[in-house]
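Just need the whole structure built from these sequences, with the hints factored in.
Line order of the protein sequences matches chains A and B.
Under my numbering, the letters of the first sequence match residues 1 to 577, in that order.
Under my numbering, the letters of the second sequence match residues 578 to 1154, in that order.
Treat each hint with caution, since some may be false.
In silico DSSO-like cross-links for lysine-lysine, where the CA-CA straight-line distance does not exceed 30 Å [what the hints assert, rightly or not]:
id, chain 1, residue 1, chain 2, residue 2
1, A, K310, A, K290
2, A, K537, B, K959
3, A, K221, A, K310
4, A, K382, B, K956
5, B, K1040, A, K379
6, A, K209, A, K3
7, A, K382, B, K786
8, B, K580, B, K887
9, A, K225, A, K153
10, A, K310, A, K145
11, A, K40, B, K1115
12, B, K722, B, K688
13, A, K538, B, K887
14, B, K617, A, K538
15, A, K537, B, K617
16, A, K213, A, K127
17, A, K538, B, K1114
18, A, K210, A, K221
19, B, K796, B, K887
20, A, K538, B, K1115
21, B, K722, B, K787
22, A, K40, B, K712
23, B, K792, B, K802
24, A, K219, A, K209
25, A, K127, A, K153
26, A, K135, A, K145
27, A, K3, A, K213
28, A, K463, B, K1115
29, A, K382, A, K145
30, B, K730, B, K580
31, A, K537, B, K1114
32, B, K786, B, K887
33, B, K712, B, K956
34, B, K730, B, K879
35, B, K887, B, K956
36, A, K379, B, K956
37, B, K722, B, K1040
Just the calculated beta-carbon pair ranges, DEER-fashion [unchecked claim]:
id, chain 1, residue 1, chain 2, residue 2, range
38, A, E555, B, K867, 52 to 58 Å
39, A, K382, B, G702, 54 to 60 Å
40, B, P598, A, T567, 46 to 52 Å
Hints are computed from structural coordinates only; laboratory data are not their basis.
Treat the numbers as computed from the prediction; the structure is a model and nothing was measured.
Even for Gly, the Cβ is constructed at its ideal location relative to N, Cα and C.
2 protein chains.
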Amino acid sequence: MDKILRINMGAENGPQISEEPLGDYVGMGGRAMTSGIVSKEVPPLCHPLGADNKLVIAPGLLSGTLAANSGRLSVGCKSPLTGGIKEANAGGQASQVLARLGYAAIVLEGKPDDNLYKILINADGVKIEADNSLKGLGNYDTVAKMINAYGDKVACISIGPAGEMKMASASIACTDMELRPTRHAGRGGMGAVMGAKGVKVIVLDDAGKKMRKPKDPEKYKAANKIWVAGLTGNAITGEALPSFGTNVMTNAINEAGGYPTRNFSEGRFEGAANISGETQAELEIARGGKATHGCHRGCVIKCSGIFHDKDGNYLTKQPEYETLWAHGGNCGIDDLDAIAMMDRLDDDFGIDTIETGVSIGVAMEGGLLEFGDAEGAIKLIKEIGAGTPLGRIIGSGAAVTGQVLGVERVPVVKKQSMPAYDPRAIQGIGVTYATTPQGADHTAGYAVATNVLGVGGDVDALKPVGQIELSRNLQITTAVVDSVGMCLFIAFAALDQPETFGALVDMVNSFYGLELDGDAVAAIGQSVLTNEREFNKKAGIGPEDDRLPAFFQNEPLPPHNITFQVTDEELDEVFNW
Amino acid sequence: MDKILRINMGAENGPQISEEPLGDYVGMGGRAMTSGIVSKEVPPLCHPLGADNKLVIAPGLLSGTLAANSGRLSVGCKSPLTGGIKEANAGGQASQVLARLGYAAIVLEGKPDDNLYKILINADGVKIEADNSLKGLGNYDTVAKMINAYGDKVACISIGPAGEMKMASASIACTDMELRPTRHAGRGGMGAVMGAKGVKVIVLDDAGKKMRKPKDPEKYKAANKIWVAGLTGNAITGEALPSFGTNVMTNAINEAGGYPTRNFSEGRFEGAANISGETQAELEIARGGKATHGCHRGCVIKCSGIFHDKDGNYLTKQPEYETLWAHGGNCGIDDLDAIAMMDRLDDDFGIDTIETGVSIGVAMEGGLLEFGDAEGAIKLIKEIGAGTPLGRIIGSGAAVTGQVLGVERVPVVKKQSMPAYDPRAIQGIGVTYATTPQGADHTAGYAVATNVLGVGGDVDALKPVGQIELSRNLQITTAVVDSVGMCLFIAFAALDQPETFGALVDMVNSFYGLELDGDAVAAIGQSVLTNEREFNKKAGIGPEDDRLPAFFQNEPLPPHNITFQVTDEELDEVFNW
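Here it is, written out as structure tokens:
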């Protein structure tokens, strides 16, 4: 993982491939790499769909090694959704394979001709060729064509029709172990930028390549052993997530009164039990699917799953908590089959499930359809795939949907939709939504863990006290986790188990021959955040954008009947470390 | 004009009317008043369509007096289009009538119930009542109903269906002398905010009221005499504008190579002669319309006109230069009848002709229809009126249209569409577009006058030298003109004729018993701009938003093959007075 692959899609005689050493980007992986390259090379005021934007795809620092759960792939660019810098990461196989192929980053640059391209990267090198037969295909059909051509040992990174149409909610799909395009770098319209670069799919084949070798293999192996024991022995990562997936959160958040219901109008959803993790797991198992499944080799948490339809045929992967919420309670829908169908369509068209569900909720608020109308919601998603005018509105995200329909209550920060936790009932996540350079994003500093689950300390969800410090520390830690390539869920174990956190640091040190201590690790996270915030500032996104929409201050949320209590002055202190 | 009328549309038992003395707003009129109230009373981060925004309607300081051309009405609020502070002003009769009724401002506040209201203001006071029979009516039918109910001596301020649907391009219409809703406060979505306040129409009747009296009537009359002589004796305000209207600019700007053609791709339009002021005037006269006409009593420039259809029946007022350009050359259309039909539809639906034309140009660039397709453009405008999904996209303005269709070349600043002058060939207007707190707006500092027409000095249109100072001075002067209630066109005379400018200052002084000198007048303009910029900064619109879209720097414009040359550092100096 000692080189960067650049493909200039705008070169005069067709796409031009070049490779270079890491240079300024030595020591960077994942989000540190994507945000490093974007903040250094992309003009902050360029158009996100133009020649000057770059799409950076980077495995984490420990991807492609034997480290458990090191399979996150970061994707970064200037976002067509937020207008700021963006990183989104995905599970699946791609990160491990790309790392073993030796690439610390793929950078797509320039403005292509009218062709649609596929890129093949294997032990022989890199090939790019036009393949217009892929135009308009869903992710499932795209991957099927690639398997047909390149065999079933590959990993794919692809976009669906939404990315080709450059919609601001378009995602980038990565295939899982069964070569299904179900793991998405979902947020911020990454897929639109890949579409704007004219690239439909990147096929990765690491045949002939080996696991990446640490500098100190013994120490590395020993650290990984402690690491795995820490993950498998923890109640959340070793029991709850494997049993019920991320959807284990439905009951917990609903009970806490922070489950945003019908476009953030209430904090409890009467239909929650019908779509909870427990209900879902039971249904999956009864139909011959799976409630426990890893999205990439080397995962020991296995929060993924397989969802079959009523006839026992594969429909989609187990929908995540955020998806079940966005299409479920947020839209007043409590039908697991309908939501699973929406998940399948989202994955196939290549759109972010959170952004899509929140946009539909805003459309419901705007009177376009009724809350609870599952058939109507499915129809809307099909319009996105078809690129009708209405589909293009919804596919442009909740901020645009709200603007176009004249809706006032639009739950976005920096134009990105809020995920499945109401910031009034879980004030710590509100601080993260407001201040992260990424736009409203739970994964950027998951204060829910501490506010609701009692992980990593105990800060009262309903009070502003302590939330700034909590979010600050989590944002710093998360920036590191996102750079190492670790799945964020490791934090449930690492935050409360010092030996587990120590094992992670030991793995980085023994792999790279470093001697980082805790402060040095924190400095990495701070540096990532600083890069991102400086880019945003130059792009016109400053502290005044570090705010929740006014209705979170003005409208008390049942059942706690509470508003967001953290002041603007406090929010401005988050990055004052 | 010594009181402010406030109507709280959200009061518990229906709209609540109150009147108050000017208080903090003494000495303010027009834009100074609207921006004064908005910057002091509206939370910068509120939702533009929510309870906390306010719609302020204010006559200029000299409106309702005998001063020639003092009939501009300012409308202000937080803009649903730009997200920043906004003032748009319109001609027509409303300003004079409202001033004579004694109101320095109408302020609509709060969030209404589901009714649609009409407001009647006359010598007896203020009445507001629900009238849901007005729902969905165009401006023409709305005004016809008001004439039916209140007689033909009134003036109306109204919105069409676009305002009711809260579209970000919705305008507010004022009636002209013939009671046609043809003079619009067009820019920035003012009509959406009036719609969000639940007000369809304000009917003004000044029967029994008299012309406003100056403190020093003799001096005032004498100053107005010099003023009128200055306007009627000037080549532009006394000859060109009366003969050909604002459309006299088509040939001039096309000749200068700064006529933005087919979505700002070229600077000269091959069809310009077909839609020029000269051609239009000839056609209007031949069909029994008028090429010379005043939009309000007391206008001595008379740049307005009447456009008849092929059968000699009234179709619309003489379309303005900006309209002819936006729907014409900007869309590759050179058919006067088609453009006049679009103008009529725009006025009736209540949408900004500039924003609408630029949005259609962006849609053409996005492949939705072909450049030159006049029938397609008319159909699109009808979709806006009908509120179809596609119509809602276009009606949301060019920035949203570009985002939804994935178009990169979108000519907006602060999300507001650029008017009819390419900033590459007329660099001074580019400085105004970039830096005015209003979003891309030619009227905020009309550097075209100096760059192209040689009015107010001579600064080379193609070079950056001198443009900052030019735009700065014009922006300051314009803020004053907009506050006095004067039509901006008086500047053609006032900039080059010291005695004409002096007469304007004398009128303000003799009317109010003041002794303002030139510096004091400039300070008024600076104070308006400072208020507006501070509001914007708190709303998250800072110096990084004082920029043109990247393609104006990257893409040379034929025929001069020049890019925008003013640097970011220079732009940041505009308000450094």
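A quick look at each hint next to the structure:
Among the hinted pairs, A:K310 with A:K290 is consistent with the structure: their alpha-carbon atoms are about 14 Å apart, no more than 30 Å. With a C-alpha separation of about 40 Å, the suggested pair A:K537 and B:K959 falls outside the 30 Å cut-off, and the hint is violated. Restraint check for A:K221 and A:K310: not satisfied, since their Cα atoms lie roughly 44 Å apart, outside the 30 Å limit. A hinted pair counts as satisfied when its Cα atoms are at most 30 Å apart, and A:K382 with B:K956 qualifies at roughly 25 Å.
About 54 Å separates the Cα atoms of B:K1040 and A:K379, which puts this hinted pair outside 30 Å; it is violated. Taking the CA atoms of A:K209 and A:K3, the gap is near 15 Å; set against the 30 Å cutoff, the hint holds. Using a Cα cut-off of 30 Å, the hinted pair A:K382 and B:K786 is violated, with the two alpha carbons roughly 61 Å apart. Note on B:K580 and B:K887: the hinted pairing is violated, with a Cα-Cα distance of about 48 Å set against a maximum of 30 Å.
A hinted pair counts as satisfied when its Cα atoms are at most 30 Å apart, and A:K225 with A:K153 qualifies at roughly 28 Å. For the proposed pair A:K310 and A:K145, the alpha carbon gap of about 27 Å is at most 30 Å, so the pair holds. Between the alpha carbons of A:K40 and B:K1115 the distance comes to roughly 28 Å, so the proposed pair stays at or under 30 Å and holds. Distance hint between B:K722 and B:K688 is fulfilled; the C-alpha atoms sit about 25 Å from each other, no more than 30 Å.
Taking the CA atoms of A:K538 and B:K887, the gap is near 53 Å; set against the 30 Å cutoff, the hint is violated. Taking the CA atoms of B:K617 and A:K538, the gap is near 28 Å; set against the 30 Å cutoff, the hint holds. Distance check on the hinted pair: A:K537 and B:K617 sit about 26 Å apart at the alpha-carbon level, within 30 Å; holds. Our distance criterion of 30 Å between C-alpha atoms is met by A:K213 and A:K127, whose separation comes to about 26 Å.
With a CA separation close to 14 Å, the supplied pair A:K538 and B:K1114 stays within the 30 Å bound. Distance check on the hinted pair: A:K210 and A:K221 sit about 16 Å apart at the alpha-carbon level, within 30 Å; holds. A distance of roughly 49 Å separates the Cα atoms of B:K796 and B:K887; the hinted pair therefore is violated under the 30 Å criterion. As the CA atoms of A:K538 and B:K1115 are separated by approximately 17 Å, the hinted pair is consistent with the 30 Å bound.
In summary, the hint linking B:K722 to B:K787 is supported, as the alpha carbons are separated by about 26 Å, within the 30 Å threshold. About 53 Å separates the Cα atoms of A:K40 and B:K712, which puts this hinted pair outside 30 Å; it is violated. About 17 Å separates the Cα atoms of B:K792 and B:K802, which keeps this hinted pair within 30 Å; it holds. A C-alpha spacing of about 23 Å is found between A:K219 and A:K209, which places the hinted pair at or below 30 Å, so the restraint holds.
Under the criterion of a C-alpha separation no larger than 30 Å, the hint pairing A:K127 with A:K153 is consistent with the structure, at around 18 Å. The suggested pairing of A:K135 with A:K145 holds, with an alpha-carbon distance near 12 Å, which does not exceed 30 Å. Only pairs whose Cα atoms come within 30 Å are accepted, and A:K3 paired with A:K213 is accepted, the gap being roughly 16 Å. Pair hint A:K463 plus B:K1115 holds up; C-alpha atoms about 26 Å apart against a cutoff of 30 Å.
A threshold of 30 Å between alpha carbons decides the hint, and for A:K382 with A:K145 the separation of about 22 Å falls inside it, so the pair holds. Annotation: proposed proximity of B:K730 to B:K580 holds, straight-line Cα distance about 23 Å (limit 30 Å). Between A:K537 and B:K1114 the alpha-carbon distance is near 13 Å, which keeps this suggested pair within the 30 Å criterion. Between B:K786 and B:K887, the direct Cα distance comes to roughly 41 Å. Violation of the 30 Å bound is thereby established for this hinted pair.
At roughly 22 Å between alpha-carbon atoms, B:K712 and B:K956 fall within 30 Å of each other, so this suggested pair holds. For a cut-off of 30 Å, the pair hint linking B:K730 to B:K879 stands: about 21 Å separates their Cα positions. A hinted pair counts as satisfied when its Cα atoms are at most 30 Å apart, and B:K887 with B:K956 qualifies at roughly 20 Å. Taken as a hint, the A:K379 and B:K956 pair is honoured in the structure, with Cα atoms around 26 Å apart against an allowance of 30 Å.
With a CA separation close to 53 Å, the supplied pair B:K722 and B:K1040 exceeds the 30 Å bound. A C-beta distance of roughly 53 Å is found between A:E555 and B:K867, which places it inside the suggested range of 52 to 58 Å. The hinted window of 54 to 60 Å between A:K382 and B:G702 holds, with their beta carbons roughly 55 Å apart. Checking the proposed 46 to 52 Å range against B:P598 and A:T567 shows it is violated: the Cβ atoms sit about 34 Å from each other.
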